[in-house]
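Given the structure of chain A, go ahead and fit chain S onto it with the hints provided.
Letter by letter, the chains look like this.
Number of protein chains: 2
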Amino acid sequence: MKLMPQEIIAHKRDGLALSQSEVEQFVSGVVSGHFKDYQSSALLMAILLNGMTSDETGCLTEAMMRSGRIVELPEITRPKVDKHSTGGVGDKVSLILAPLVAACGLCVPMMSGRGLGHTGGTLDKLEAIPGFRTNLTDAEYRAQLASLHQAMIGQSADIVPADRKLYALRDVTGTVESIPLICSSILSKKMAEGIDSLVLDVKCGIGAFMKTEAEARQLAESLVAISARMGKPTSAILTRMDEPLGHMIGNSLEVIESIDCLKGKGPSDLMEVTYALSAEMLILGGIESTQEGAMTALKSAIDSGKALEGFRALVEAQGGDGTVVDNYKCLPRTEKTKDIVLNNDSQMYVESLDARSFGDAACILGAGRASTDSIIDPSVGIELLKKVGQAVQPNEAIARIHYQGIDLLEAAEARLVKAIKLSSKKPIVSSLIIDRISHENY
Amino acid sequence: MKLMPQEIIAHKRDGLALSQSEVEQFVSGVVSGHFKDYQSSALLMAILLNGMTSDETGCLTEAMMRSGRIVELPEITRPKVDKHSTGGVGDKVSLILAPLVAACGLCVPMMSGRGLGHTGGTLDKLEAIPGFRTNLTDAEYRAQLASLHQAMIGQSADIVPADRKLYALRDVTGTVESIPLICSSILSKKMAEGIDSLVLDVKCGIGAFMKTEAEARQLAESLVAISARMGKPTSAILTRMDEPLGHMIGNSLEVIESIDCLKGKGPSDLMEVTYALSAEMLILGGIESTQEGAMTALKSAIDSGKALEGFRALVEAQGGDGTVVDNYKCLPRTEKTKDIVLNNDSQMYVESLDARSFGDAACILGAGRASTDSIIDPSVGIELLKKVGQAVQPNEAIARIHYQGIDLLEAAEARLVKAIKLSSKKPIVSSLIIDRISHENY
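In the order they appear, the protein sequences are chains A and S.
So the first sequence is residues 197 to 638, counted in my numbering.
So the second sequence is residues 197 to 638, counted in my numbering.
Okay, chain A solo, but in the shape it has when bound (with noise of 0.2 Å):
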């Protein structure tokens, strides 16, 4: 029955389930316009505020993924994974984790969105690299599936248009925090991409969407459950964010830094959650059927180089300059550096380094958007010089700012300042992986 939107939102504020039809009606008004923005966003406050079912979320899902083009890949034999991360500051595994796995077997079919805020995107890091392109053509983006097992492009406008209305609605009008919208938005443009399974890795902590553990698990219960009802195999990595995730934060500097652990000099952290996830997806493609053999076949795809020249070939392939993979001179970079030194006058370890002000302080420097309209910077950016656990002496810098304007160092350093703290006595630094929640429970 067809219902006036105003109906709709009544049933979601009196606290009722949408049926199918109504989650549909509300999609498709979305994107023909009879749902009008200030219906929309009484009906996303409705939703935040009463929650929806598991059913009138994989409703929701279904509809946004269907609300526009779906990409088919039968032409791919191989098994199609794709990795989502919920966004976190230093996060580049995406750029890692491509190369290792297709390296190893899988197809990896990368659509990904733009960084807004604190957490960097993917394709602003790529686009670093000078020449590289990302928005490839459906017959580019195929044919480079077929020959190389993996591509890194932007999501076309005709995929899931009900999200981009939505997301960009939810932004200013305090609808973000909501599980059931973040689900739907995050599994209908993953679903679109044509994908057998998917593995995500779920941040929570200070850099993170979801400052708890237990928001984070809650979402990650309800993204695998969600997967798994549309038929797609879905694991969710629990992983904390509090420091930034390795040494780099910035384009230019994290293309440097997943470079460096493509050749197997990349830092700890990094590659416990690289590994991690990668292991997830050998596993979920059927490549590999345990964690052993997982790790075995991803070091060995480092350590032969074959991860490597996989990276190259698709940054050749995507009109990239390949040399950056010898050479990191092609990347933009500044011109000045500013060390930031605490004055502690005896030996100190880093307690932590809050990853939030960071990634804030990165975007002060142009590292990333303030706004959907903001040009990135790649050059600028920040390094980690120690990370969490690490001792400090005196007079020893903690980081280096990469800056390209005095104004903006002078803002960028004062939230750095704020955002390491250290301490006389070593803390205890864990492992980032909290948990894996499996497709297999659902």
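Keep in mind that the hints were calculated from the coordinates and are not lab data.
Quantities reported herein were computed from a predicted structural model and do not represent experimental measurements.
One or more of the hints may lead you astray.
If several chains are the same, the list does not tell them apart, and a pair holds so long as it fits within one copy or across any two.
Claimed, not checked - Straight-line alpha carbon distances no greater than 30 Å define the calculated DSBU-like cross-link-like pairs of lysine-lysine that follow:
id, residue 1, residue 2
1, K459, K532
2, K583, K459
3, K617, K232
4, K361, K198
5, K198, K407
6, K361, K232
7, K495, K428
8, K232, K459
9, K407, K232
10, K614, K198
11, K502, K621
12, K198, K232
Frame of chain A, contents of chain S only:
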């Protein structure tokens, strides 16, 4: 502190009480356009679901009242008292009450809205009288209040512009049914009229906005409390709205019934409500100190013809044909009528007349507005030949439809037949007055 709209929305979403500054930023943002419609509707939904404290509702009412021009009437020496009804079917009380209490010594500066949906508007009824103008200039309005002590006009666009925007938005976003929002909408407009005190008719039942007595009582208590905070003594009378009030529904028909009431020939249910509200006005205005005194004064104003002549003077002052008082022929009427007869083969009693369905049927005939741009037909309507509790013989008509188009007749009739319930037992008819909620308790 100046906040972004989404920050204010987030506070209410998270169940916090908004500060006076936040409420004021919202209301001024609504008027200036700084708060976009999609942000306002998200906040309205959060208010509906998370509620508002009495302090917040008071701040909202004040801020809305101050969003436009506030009428001051220092030249009026009589007590200025107005009445507002939350709306019901056949509710023409204002047309009777204003000349009645003006005849007893009050000044009634009544600014009304248009009817929407199943409840008719006072202005629409008055405009059934040829020539009647509801858009007096400020000078005309003041002169008439000084000479006749009563005027009935539409709200000009510069009074409470925030409500004009918010009400239109609430109507299409499922955010009408919120006590803080209803309170602030009603009271901001009434308090901007420059009145000393206010009497509210808070209706409950099938034909009212509030379906249950509990909801209506909650609204009445909130209205009275907020008015008291604003220094305007206000009482609310809780009244039943299950069957239509009086015998007439439709604009010309309701003018006729109102004049009949002023001639002392009014139906008992309509007069019960009119007297209760009018007596409360006289007491609040300090003209009478007891119910008995007030009733004596009111009945004398009817019996002497003073109230009727006051109505004639009002009509003539506002450009209408004053002969309507003596001769209803000047009112637009339909040529065609159709009587509704149910198929009872023995004497039965009217058990119920579903006011909501009668209101909807009148709206279908053209007496009311389906949307704000609908055109009203003053001639059409429904006449109740029987009221609840009255006996109905076989083949005896229960209602008479005054119609123009046969297709509209059929649609209205189908609804009315279902809206009438007969019973073999005579039902007990109770008073329409449920309770009085006094400002003295707040």
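Indicate which option fits the pair K198, K407 if close means a Cα-Cα distance not exceeding 30 Å: within, between, both or neither. between (40 Å within a copy, 26 Å between copies)
Within, between, both or neither: K614, K198 at alpha-carbon 30 Å: So K614 and K198 pass the 30 Å test across copies only (24 Å; inside, 55 Å).
Is it within a copy, between copies, both, or neither that the alpha carbon of K617 lies no farther than 30 Å from that of K232? neither (47 Å within a copy, 41 Å between copies)
Within a copy, between copies, both or neither: where do K232 and K459 come within 30 Å Cα-Cα? This pair counts as neither: shortest intra-copy Cα distance 51 Å, inter-copy 50 Å.
One pair to classify: K198 and K232, alpha carbons no more than 30 Å apart. Within, between, both, or neither? both (16 Å within a copy, 28 Å between copies)
When Cα atoms must be at most 30 Å apart, do K459 and K532 count as within-copy, between-copy, both, or neither? Cα proximity of K459 and K532: one copy only (27 Å, versus 92 Å across).
Checking K361 and K198: alpha-carbon separation at most 30 Å within a copy, between copies, both or neither? Cα proximity of K361 and K198: in one copy and across copies (22 Å, 27 Å).
For K361 and K232, with the copy left unspecified, which applies at a CA distance of at most 30 Å: within, between, both, or neither? both (11 Å within a copy, 15 Å between copies)
Checking an output row: K495 and K428, CA cutoff 30 Å. Within, between, both or neither? within (27 Å within a copy, 78 Å between copies)
Check K583 against K459 for me: Cα-Cα at most 30 Å, and say if that holds within a copy, between copies, both or neither. This pair counts as within: shortest intra-copy Cα distance 21 Å, inter-copy 90 Å.
Between the shortest in-copy and the shortest cross-copy C-alpha distance, which are at most 30 Å for K502 and K621: within, between, both, or neither? Classified as neither; 42 Å inside a copy, 92 Å across copies.
Up to 30 Å CA-CA - K232 versus K407, copy category: Between. Shortest inter-copy distance 29 Å satisfies the 30 Å Cα cut-off; intra-copy 32 Å does not.
Of the hints listed earlier, those the structure fails to meet are numbers 3, 8 and 11, in rising order.
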